[in-house]
Amino acid sequence: MEKSQWYIGTPSGVVLCVDHLQEGQIHGRFYHGYSREALKVEGITKLLFQMEKFFDSINFPHPGTNERTFQEKAQGVGFKAERVKTMSDDELLSKHGDLGTFIIRVQHRQNSSWQGRITWMDQDKTVYFRSVWEMIKLIESALNTIDGSDGLLADKGWDDIIESKEL
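Its first residue numbered -5, the sequence shown is counted upward by one per residue in the numbering used here.
Derived from the structure by calculation, the hints contain no laboratory data. If a hint is listed, it holds; no wrong ones were tucked in.
For lysine to any residue, the following SDA-like pairs were computed, each having C-alpha atoms within a straight-line distance of at most 20 Å: (1) Lys119 x Gln(-1); (2) Lys119 x Tyr1; (3) Lys89 x Gln117; (4) Lys47 x Ala32.
Sequences and hints are given; from them, build the entire structure.
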């Protein structure tokens, strides 16, 4: 395998390691460069909330919309200490899941969603996504290809998506 798409390339890059599917939900862990500890994933919803919390903690990518609240903001909130990388990109790229491994690079958080690119490491394929929903569909499509199951969300395969995005 050539591994031409295997890179992190952004402070918000994470490696998602999927170990198994249980009742249609992914289970595994994900890694980022600011912690040596893996964050456990038990379903796509938990993954999304954990990733959003991670992005907020490093303040990158900066959200295009602010959280709205009717409560007064506490004084002094807003400044976040700069985080220091504790795991190199090579160490991150050495992590693998039993069922599938994905490099997720969220480049923008605009329109109350995420935009970026995702690399399916097992196939060395990279696709840009325009929303969280599209990212979820890509992950499920890849896992359904491996697992052989018939997913509800995965109506297009990676090859179909790659071909439709070529100009």
